[in-house]
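Sequence order for the protein chains is P and R. Residues 1 to 338, numbered by the working numbering, are exactly what the first sequence covers, in order. Residues 1 to 338, numbered by the working numbering, are exactly what the second sequence covers, in order.
Treat the hints loosely; a few may be bogus.
What the hints assert, rightly or not - Once the Cα atoms are required to be at most 35 Å apart in a straight line, the calculated DSBU-like pairs of lysine-lysine come out as:
id	chain 1	residue 1	chain 2	residue 2
1	P	291	R	165
2	P	190	R	190
3	P	165	R	291
4	R	52	R	291
5	R	190	P	291
6	P	291	P	165
7	R	291	R	165
8	R	165	R	57
9	P	165	P	190
10	P	165	R	165
11	P	57	P	291
12	P	165	R	190
13	P	190	R	291
14	R	165	R	52
15	P	57	P	165
16	P	291	P	52
17	P	165	P	52
18	R	165	P	190
19	R	165	R	190
20	P	291	P	190
21	R	291	R	57
22	R	190	R	291
FYI, nobody ran anything at the bench for these hints, they're computed from the structure.
Protein chains: 2
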Amino acid sequence: MSQTYNVAVVGATGLVGEAMIELLESRGFPIENLYPLGSDNSAGGVVYFNGKSRRVKNVADFDFSQVQIALFAAGADVAAQYAPVAVEAGAVVIDNSSCFRDEPEVPLIVPEVNPERIHDHCGIIANPNCSTIQMLVAVAPIYRSAGIRRINVATYQSVSGGGRKAVEELARQTALLLNGQDIDVQVFPKQMAFNVLPQIDGFDDNGYTHEEMKMVNETRKILEDDDIGVNPTCVRVPVFFGHSEAVHIETREQISALEVREMLQMAPGVEVIDEAVDGGWATPVTEATGKDAVFVSRIREDISSENGIDMWVVSDNLRKGAALNAVQIAELLVQAGL
Amino acid sequence: MSQTYNVAVVGATGLVGEAMIELLESRGFPIENLYPLGSDNSAGGVVYFNGKSRRVKNVADFDFSQVQIALFAAGADVAAQYAPVAVEAGAVVIDNSSCFRDEPEVPLIVPEVNPERIHDHCGIIANPNCSTIQMLVAVAPIYRSAGIRRINVATYQSVSGGGRKAVEELARQTALLLNGQDIDVQVFPKQMAFNVLPQIDGFDDNGYTHEEMKMVNETRKILEDDDIGVNPTCVRVPVFFGHSEAVHIETREQISALEVREMLQMAPGVEVIDEAVDGGWATPVTEATGKDAVFVSRIREDISSENGIDMWVVSDNLRKGAALNAVQIAELLVQAGL
Chain P
1 MSQTYNVAVV GATGLVGEAM IELLESRGFP IENLYPLGSD NSAGGVVYFN GKSRRVKNVA
61 DFDFSQVQIA LFAAGADVAA QYAPVAVEAG AVVIDNSSCF RDEPEVPLIV PEVNPERIHD
121 HCGIIANPNC STIQMLVAVA PIYRSAGIRR INVATYQSVS GGGRKAVEEL ARQTALLLNG
181 QDIDVQVFPK QMAFNVLPQI DGFDDNGYTH EEMKMVNETR KILEDDDIGV NPTCVRVPVF
241 FGHSEAVHIE TREQISALEV REMLQMAPGV EVIDEAVDGG WATPVTEATG KDAVFVSRIR
301 EDISSENGID MWVVSDNLRK GAALNAVQIA ELLVQAGL
Chain R
1 MSQTYNVAVV GATGLVGEAM IELLESRGFP IENLYPLGSD NSAGGVVYFN GKSRRVKNVA
61 DFDFSQVQIA LFAAGADVAA QYAPVAVEAG AVVIDNSSCF RDEPEVPLIV PEVNPERIHD
121 HCGIIANPNC STIQMLVAVA PIYRSAGIRR INVATYQSVS GGGRKAVEEL ARQTALLLNG
181 QDIDVQVFPK QMAFNVLPQI DGFDDNGYTH EEMKMVNETR KILEDDDIGV NPTCVRVPVF
241 FGHSEAVHIE TREQISALEV REMLQMAPGV EVIDEAVDGG WATPVTEATG KDAVFVSRIR
301 EDISSENGID MWVVSDNLRK GAALNAVQIA ELLVQAGL
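So that you can see chain P by itself, here it is in the shape it has in the complex (with noise of 0.2 Å):
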């Protein structure tokens, strides 16, 4: 009989720990046990794993020695305080949080990109921001083949990525708004409904927003190329889940829109809908939502310089840009033998 573990997953009320205990158990993981931890707040609940209901546990108590794996889906506050001691216990953490993306020791992995980091950790592996994950996977095999030199990217990030919370204070608002009632704004810094807003994370003193930085460090890390440059602008959307992007890529070579397309049709976790028809190419709502794939649409040549490709990205954010690409460095372990 082939093995089993024990996995433990901090957060597992949130929006990323919901979906990482759906993928794990829609994609088979070899579990023995599962463990829902959360705060204070969340402990005594239930989530639902292979038809059984599991109570919720608070992590503060929690004896990680009783897992193999550790998946965290809580802030960075909470990784720093328990991924430490759910290492120290013997646990391997996939932390989905920014708080160790950083460090040097820890592999920042996107599987489709660099899944041989997996042998490098020391007991921490991060997930990277979901912005950078979907970007690089339809990136990387662009930049194989050509080299890339710059990236300039334009986000139109959905509101899960800012949690439960942001969920809610999106309905509620467009509720009201539709209601012609006055609306409230808490989770947000103006109004969410029916807008856009430039800001996603507090600001650097470059004038770019810890999102953005995230997505210029995380590229770098990841493609171990700190050459490239990295211009992105962060926005969120009246959206609730999927994450879209307007990508231009300058490579080293020249590269066709057509040899893009055709490497992507054969690239690992990437879909391709790109018709120059009206509705020929993916939205968040119509193609990403609830699926694996990261989707790209809008394959074209840049008119404006001689290296230049255009591309649209999409893809679920909860799911590839979270809980899914963390279920899958998981997956990696289990194959490597943790």
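Let chain P serve as the given structure and place chain R on it in line with the hints.
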């Protein structure tokens, strides 16, 4: 007593026509008689101007020799049919459609950018595309100071750019979804509510859309510089009013974010809202809708290139992007003696 003019507004009951009439009144345009005109569908309806109701007449039956200025806020087909009739009758046409924009003898005017072109008309002056207008109001001062090699721009365009039926479709789909009901899709190729659609207008052979190529060609014509590269991705977002743009500029000479900020604070038609704090930027809903200015935020030096400047540009697409720009052209015409 100062001179007054007879003015026709073609497409008077559309979103842009309505805004034109409101602006002619609020800006105190020297009007003797206003003639609201429409198609068979809207003729017979009523619009209000200076507190009095005016019946909408059928453009097909109108004698344009009665007016000195005809503002066209209808589609390219209506402009193609009736603008020559109006010119023949002696009126000067200001056309908001794309019909004449590419004609070499037709000036394409953004009053803050190239007002001097008012003297060159042969009866028709074209109003640029909404996305082009707001981008150029923000970009022209930088162009004059440091030169521009290329512009990469990703747009976040509101549904009102698609007219009244597009506004109604977003409202209807949103209400149906919030009530758990199935939606229908009529105006947009896919669900617009809580979604983003990376196509506006049809496709060119080069993979860009017509809307994107308008930004390319109109920018070159207005700045009178065919060497400028423009690389747009135009995207419809579920916002009712106000277009936003993530603009990335590659200048010929280096220029700092500080210089750009100071320059734009002095620039005509621009309002800079740019603080590196939560909410320290403009959005369609909270700043731009109903206002005249082009709002510029997120001004920063591109960390991926030597001569790069990024900024976020927001404006009311029905006002500065359409009706206001047309009325400003009419004001220039009056100053120039028609």
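Going down the list of hints, with the structure as the test:
1. P:291 x R:165: holds, 31 Å
2. P:190 x R:190: holds, 27 Å
3. P:165 x R:291: holds, 31 Å
4. R:52 x R:291: Judged against 35 Å, a Cα distance of about 24 Å means the pair holds.
5. R:190 x P:291: Holds. Residue 190 of chain R to residue 291 of chain P sits at ~18 Å (cutoff 35 Å).
6. P:291 x P:165: holds, 23 Å
7. R:291 x R:165: holds, 23 Å
8. R:165 x R:57: Holds. Residue 165 of chain R to residue 57 of chain R sits at ~22 Å (cutoff 35 Å).
9. P:165 x P:190: holds, 15 Å
10. P:165 x R:165: holds, 32 Å
11. P:57 x P:291: holds, 30 Å
12. P:165 x R:190: holds, 27 Å
13. P:190 x R:291: Holds, because 18 Å separates the two Cα atoms, which is no more than 35 Å.
14. R:165 x R:52: Answer holds: residue 165 of chain R to residue 52 of chain R is near 27 Å, not above 35 Å.
15. P:57 x P:165: Distance of about 22 Å is within 35 Å: holds.
16. P:291 x P:52: Cα-Cα ~24 Å, so holds.
17. P:165 x P:52: holds, 27 Å
18. R:165 x P:190: holds, 27 Å
19. R:165 x R:190: holds, 15 Å
20. P:291 x P:190: Given that 35 Å is the threshold and the Cα spacing comes to 30 Å, the pair holds.
21. R:291 x R:57: holds, 30 Å
22. R:190 x R:291: holds, 30 Å
The structure agrees with every numbered hint stated previously.
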